[in-house]
Amino acid sequence: MKIEDWRTANLGDLVDPEMGWVSREIFVSPEIHRLEMERLFLRSWLFVGHESEVPRPGDYVTRQMGDDPVIVARDKDDRLHVFLNACPHRGAMLCRADEGNKMAFQCAYHGWTFGNDGALVTVADQFDDYRGRVDFNDYRLVEARVGTYAGCIFATFDDELMDLDSYLGDSRWYIDMFFAKTPGGVEVLGAPLRWQAQKNWKYGAVNFAADGPHALAVHGPVTQYIVGGETFPREELLRIAKTGPAIRMDNGHGGIFIDGPEGAPPWFGFDPELVETYRRTLNENQIKLMEHMFNGVFTIFPNMSWVHFPISFSEQQYPAMFFNLRTWQPTAADRTQIWNWFLVDKEAADWYKEASLRAGVQTFTAAGTFDQDDAEAWAAINNGSKGTIGRRQRSSYQMILASEEDHIADFPGPGRAYASTYSEMSEFGIFLEWRKRMMQAG
Amino acid sequence: MTMTAAQGEPKVSTQPRREVDDSTYRRILTFMYDEADLFDAHRYQDWLQQMVSEDIRYDMPVRQFHEGGVTRQRPRQNGYFADDYHSLLARVTLWSKPGTTTAENPPTFTRHFVTNVRAFEGEGAGSYAVSSHVLVFRVRPTEPTPHLFSGRRSDSLREVDDQLRLVSRFIEMDEHVLMAANLSYLI
Chain A
1 MKIEDWRTAN LGDLVDPEMG WVSREIFVSP EIHRLEMERL FLRSWLFVGH ESEVPRPGDY
61 VTRQMGDDPV IVARDKDDRL HVFLNACPHR GAMLCRADEG NKMAFQCAYH GWTFGNDGAL
121 VTVADQFDDY RGRVDFNDYR LVEARVGTYA GCIFATFDDE LMDLDSYLGD SRWYIDMFFA
181 KTPGGVEVLG APLRWQAQKN WKYGAVNFAA DGPHALAVHG PVTQYIVGGE TFPREELLRI
241 AKTGPAIRMD NGHGGIFIDG PEGAPPWFGF DPELVETYRR TLNENQIKLM EHMFNGVFTI
301 FPNMSWVHFP ISFSEQQYPA MFFNLRTWQP TAADRTQIWN WFLVDKEAAD WYKEASLRAG
361 VQTFTAAGTF DQDDAEAWAA INNGSKGTIG RRQRSSYQMI LASEEDHIAD FPGPGRAYAS
421 TYSEMSEFGI FLEWRKRMMQ AG
Chain B
1 MTMTAAQGEP KVSTQPRREV DDSTYRRILT FMYDEADLFD AHRYQDWLQQ MVSEDIRYDM
61 PVRQFHEGGV TRQRPRQNGY FADDYHSLLA RVTLWSKPGT TTAENPPTFT RHFVTNVRAF
121 EGEGAGSYAV SSHVLVFRVR PTEPTPHLFS GRRSDSLREV DDQLRLVSRF IEMDEHVLMA
181 ANLSYLI
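If you read the protein sequences in the order shown, they are chains A and B. Under my numbering, think of the first position of the first sequence as 1, with each following residue one higher. Under my numbering, think of the first position of the second sequence as 1, with each following residue one higher.
Every clue listed holds true.
Take a look, some chain B residues computed to stay more than 10 angstroms from chain A by CB distance:
no.: 1; residue: P16
no.: 2; residue: E19
no.: 3; residue: R26
no.: 4; residue: L38
no.: 5; residue: R43
no.: 6; residue: F113
no.: 7; residue: T115
no.: 8; residue: E121
no.: 9; residue: G124
no.: 10; residue: A129
no.: 11; residue: S131
no.: 12; residue: P146
no.: 13; residue: R158
no.: 14; residue: Q163
Only pairs whose alpha carbons sit at most 25 angstroms apart, straight line, appear in this in silico SDA-like list of lysine to any residue:
no.: 15; chain 1: A; residue 1: K386; chain 2: A; residue 2: P30
no.: 16; chain 1: A; residue 1: K386; chain 2: B; residue 2: P107
no.: 17; chain 1: A; residue 1: K102; chain 2: A; residue 2: G91
no.: 18; chain 1: A; residue 1: K353; chain 2: B; residue 2: D84
no.: 19; chain 1: A; residue 1: K386; chain 2: B; residue 2: T108
no.: 20; chain 1: A; residue 1: K76; chain 2: A; residue 2: A119
no.: 21; chain 1: A; residue 1: K76; chain 2: B; residue 2: Q73
no.: 22; chain 1: A; residue 1: K102; chain 2: B; residue 2: R72
no.: 23; chain 1: A; residue 1: K353; chain 2: B; residue 2: R57
no.: 24; chain 1: A; residue 1: K386; chain 2: B; residue 2: H147
no.: 25; chain 1: A; residue 1: K386; chain 2: B; residue 2: P141
no.: 26; chain 1: A; residue 1: K102; chain 2: B; residue 2: H66
no.: 27; chain 1: A; residue 1: K386; chain 2: B; residue 2: T142
no.: 28; chain 1: A; residue 1: K353; chain 2: B; residue 2: E54
no.: 29; chain 1: A; residue 1: K346; chain 2: B; residue 2: R72
no.: 30; chain 1: A; residue 1: K102; chain 2: B; residue 2: G68
no.: 31; chain 1: A; residue 1: K242; chain 2: A; residue 2: W173
no.: 32; chain 1: A; residue 1: K102; chain 2: A; residue 2: G118
no.: 33; chain 1: A; residue 1: K76; chain 2: B; residue 2: E67
no.: 34; chain 1: A; residue 1: K386; chain 2: B; residue 2: R138
no.: 35; chain 1: B; residue 1: K97; chain 2: A; residue 2: H214
What the simulated footprint calls covered on chain A by chain B, stretch by stretch (three residues with Cβ under 8 angstroms from a Cβ of chain B suffice, anywhere in the stretch; the number is not a length):
no.: 36; segment: 93-99
no.: 37; segment: 189-197
Hints listed in this document are in silico derivations from the structure and should not be mistaken for laboratory results. All C-beta atoms in this analysis are idealised placements derived from N, C-alpha and C, irrespective of residue type, glycine included.
With the sequences and hints as input, model every part of the structure.
Okay, here's the thing in structure tokens:
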């Protein structure tokens with residue numbers, strides 16, 4: 001569909017809900033990207049960090065919401081704030097560091113200072129010059145609404161948007177399973193990685209919602225290296241991969257589970273000393289899904305995802321589960337900045353935290369043995385889609401025509417579950433939500 | 001001569017270090033250049049077998065901007081490499097055949113520039129502490145714009161049967177946002 005067409009016609013035509021087509025225009029057009037900032041990212045609860053990253057009063061991290069820089073800060077009363085990282089005076093970025101601890105932010109340009117609760121503290125040398133003619137109440141930091149769930153900090157600049165609990169909806173049940181399976185919940189290990197890739201942010205968000213068949217096509221070799229090709233032939237990997245459910249939820253969230261092979265012990269890859277705690281903290285249905293899970297991959301609409309599975313490159317090393325959390329920041333139509341965290345249960349043993357972090361770093365970073373191959377595949381999609389003829393083509397999610405009948409009526413978790421990770425039902429759910437939100441003007 | 005430790009680098013002895021003699025320096029420099037040649041020729045398996053010790057630690061943590069350069073101390077740091085022999089073996093094995101890698105098929109172009117090599121006597125005979133700066137110029141088939149990786153390497157080498165081997169490598173990277181889609185090579 002040409003640019004002129006969608007402007008005069010209907011943004012809704014860019015996604016065909018019945019036939020499972022998605023116009024490639026939405027992955028390459030700068031105009032659509034611009035519109036996404038207004039209609040999508042502004043009207044979402046966006047993940048900006050985890051409480052364990054700002055544990056003490058004065059702690060702050062600088063993050064991104066859509067294309068705006070923000071400061072996430074904990075004030076002296078232990079309250080979290082998310083501010084636009086821009087001085088109300090002339091717009092200079094107030095804080096140029098990545099993280100730190102202080103109670104006030106001083107702008108480098110004229111020395112104006114703001115408390116980490118957003119209040120103007122001083123206008124440096126200029127106070128007398130204003131001669132009382134200015135209302136300094138106009139000079140608070142621009143503040144976003146903040147919500148937390150299971151330690152995850154979300155923020156939005158949209159005053160009309162539903163509250164966080166309503167927005168997350170059914171996904172909370174799954175967030176609980178991963179982020180709050182112990183009373184203490186998870187903690188972030190180290191600082192986030194950031195790297196920049198030439199691709200549209202939606203390739204990542206949809207891939208983690210999740211894309212079933214790419215797992216064997218792209219990650220088959222490394223998976224077989226890890227599990228051993230003889231004990232674990234490709235056919236068996238394929239059977240396991242296809243058998244997991246794909247879950248589509250309201251508000252665009254989606255995810256998959258993949259169970260381990262027959263005979264794998266329960267809670268494989270978890271900290272063995274925490275299994276009893278998991279059993280006490282999770283409910284019966286969550287336990288049912290978690291105790292045989294090898295792989296859980298989810299996206300919280302629009303751009304927060306996680307992936308979780310056991311890894312060991314040596315028989316002598318325990319195959320600890322890594323827990324990778326990431327956001328796909330929409331830098332440009334063809335540029336995504338990936339922010340990448342690793343988490344672990346706070347109560348886990350030290351040796352387990354080491355093993356879990358190591359497993360994640362070795363697999364799911366820009367240098368990771370899984371990520372590096374995905375990067376090339378996504379770059380290839382970008383290159384195939386950005387031309388004049390390329391952008392007129394449609395991307396196929398037509399598997400939904402077959403998969404829609406495979407709804408699992410008695411699935412233990414909320415949302416609508418379908419029988420296979422190859423169903424494309426949860427991936428296409430992202431595009432259905434995208435379409436719904438983009439069609440809402442003003 | 002005392003080496004100053006970069007942020008997060010493994011503890012460096014505060015005793016004055018002795019620079020190695022000329023012929024040892026020559027051997028270590030040759031080791032560094034041989035390694036760069038093997039990397040650029042994608043002969044990673046040869047590198048692992050001939051130049052690396054089985055108790056290798058290979059680390060590259062994340063790097064951030066902090067006010068006054070003061071980092072927050074953490075028990076564990078995130079990063080791009082936290083490798084031992086087994087994970088390095090996985091990497092080089094997967095890169096060795098076109099069918100087991102997407103990132104390196106077609107093989108990307110790299111050119112490793114190794115400079116500022118300083119070599120000191122290490123702990124024990126036949127051990128050396130070596131630092132170097134490295135630039136890696138890289139082009140991938142899907143991105144004509146080259147990526148230039150810059151970093152400082154702090155290495156520990158050990159002589160075994162007249163053969164120098166890498167025992168540990170700590171890389172301080174010079175970007176806080178890695179401006180590349182992937183990092184499918186060794187530094």
